[in-house]
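Peer 1: Spelled out, the chains give:
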Amino acid sequence: MAVTAKRRSGHPYRLLWLAMVSAGLSLVVALLRREHLLPAGVETVAVLVPVIPLVAFFLGFAGWIRGLDELERLIHLEALVVQFGGTGILAMAYGALARAGAVPDVPASHAYPFLWVAIFVFWAIGLAVVRRKYR
Amino acid sequence: MRNRLRLLRATRGWSQAQLAERLGVSRQTVNAIETGKYDPSLPLAFAIGRVFGEALEAIFEPGDEAPGDSENGRR
Chain A
635 MAVTAKRRSG HPYRLLWLAM VSAGLSLVVA LLRREHLLPA GVETVAVLVP VIPLVAFFLG
695 FAGWIRGLDE LERLIHLEAL VVQFGGTGIL AMAYGALARA GAVPDVPASH AYPFLWVAIF
755 VFWAIGLAVV RRKYR
Chain B
219 MRNRLRLLRA TRGWSQAQLA ERLGVSRQTV NAIETGKYDP SLPLAFAIGR VFGEALEAIF
279 EPGDEAPGDS ENGRR
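Residue numbers (the working numbering), protein chains in the order written: chain A, 635 to 769; chain B, 219 to 293.
Source of the hints: derived by calculation from the structure; they are not laboratory data. We put the CB at the ideal spot given by N, CA and C, even for glycine. One should not assume that every hint holds.
As the list claims (entries may be wrong) - Sample of chain A residues at the chain B side, in silico, Cβ under 10 Å:
hint, residue
1, LEU749
2, ARG765
3, LYS767
Unchecked claim - Label-pair distances were calculated between CB atoms; the ranges are:
hint, chain 1, residue 1, chain 2, residue 2, range
4, B, ASP282, A, PRO738, 49 to 57 Å
5, A, VAL715, B, ARG224, 26 to 34 Å
6, A, ALA734, B, ASP282, 46 to 54 Å
Okay, chain A solo, but in the shape it has when bound:
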């Protein structure tokens, strides 16, 4: 009867290796794109290379969550609810204000970095609030 899940051995190193390889690939792709050395079809696929470290990060995050004890997992679940709600409400409110002309209308291709910031800020807020509840 396992109370806490155990982390798979070697998993973080595999992810770190994957992240390093994809970071190197991203650099090569960026240089090739700058010099216009990539065929049009390949370039479209190549722009997605920087997404690979992100996938590796979330796989690592999921593994880390599985290694936590049951209360920690509950805390993170509740923090994710805060994150999901906070980010969703913020994005919706900003969109409504942008349509009304109250704030600059940022295109989605430029807005996503801010969305990541909001996701991590709301996650941190959620963690702080929920941890306090179980202290």
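Given the structure of chain A, go ahead and fit chain B onto it with the hints provided.
Peer 2: Just chain B now, kept in the frame of chain A:
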């Protein structure tokens, strides 16, 4: 749900961290159970019973809440 975790731990002279280590959970989890802020899962409750050599009903007893109201963190 009420429990005698703090009393049982004190009689053995264990700190929360020591009990947490025996149970394979964090000290925060032990503290949250002792203060009644968190009700452990059945596997963890059995692990607690095993560590203290007591039956579950000797450690935990139902509170005033109805079965559907025993959600964690609702205090």
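Peer 1: All hints, please: hold or fail.
Peer 2: Here is how each hint holds up against the structure:
For A/LEU749, the interface hint is violated, the least distance from its beta-carbon to any beta-carbon of chain B being 29 Å, above 10 Å. The interface hint given for A/ARG765 is met, as the beta carbon of that residue sits about 8 Å from the closest beta carbon of chain B, less than 10 Å. Interface hint status for A/LYS767: upheld, as the beta-carbon distance to the closest one in chain B is roughly 6 Å, under 10 Å. With their beta carbons about 54 Å apart, B/ASP282 and A/PRO738 fall inside the hinted range of 49 to 57 Å.
A/VAL715 and B/ARG224 have their C-beta atoms about 30 Å apart, which keeps the hinted 26 to 34 Å range intact. For the pair A/ALA734 and B/ASP282, the beta carbons lie near 50 Å from each other, so the given range of 46 to 54 Å is met.
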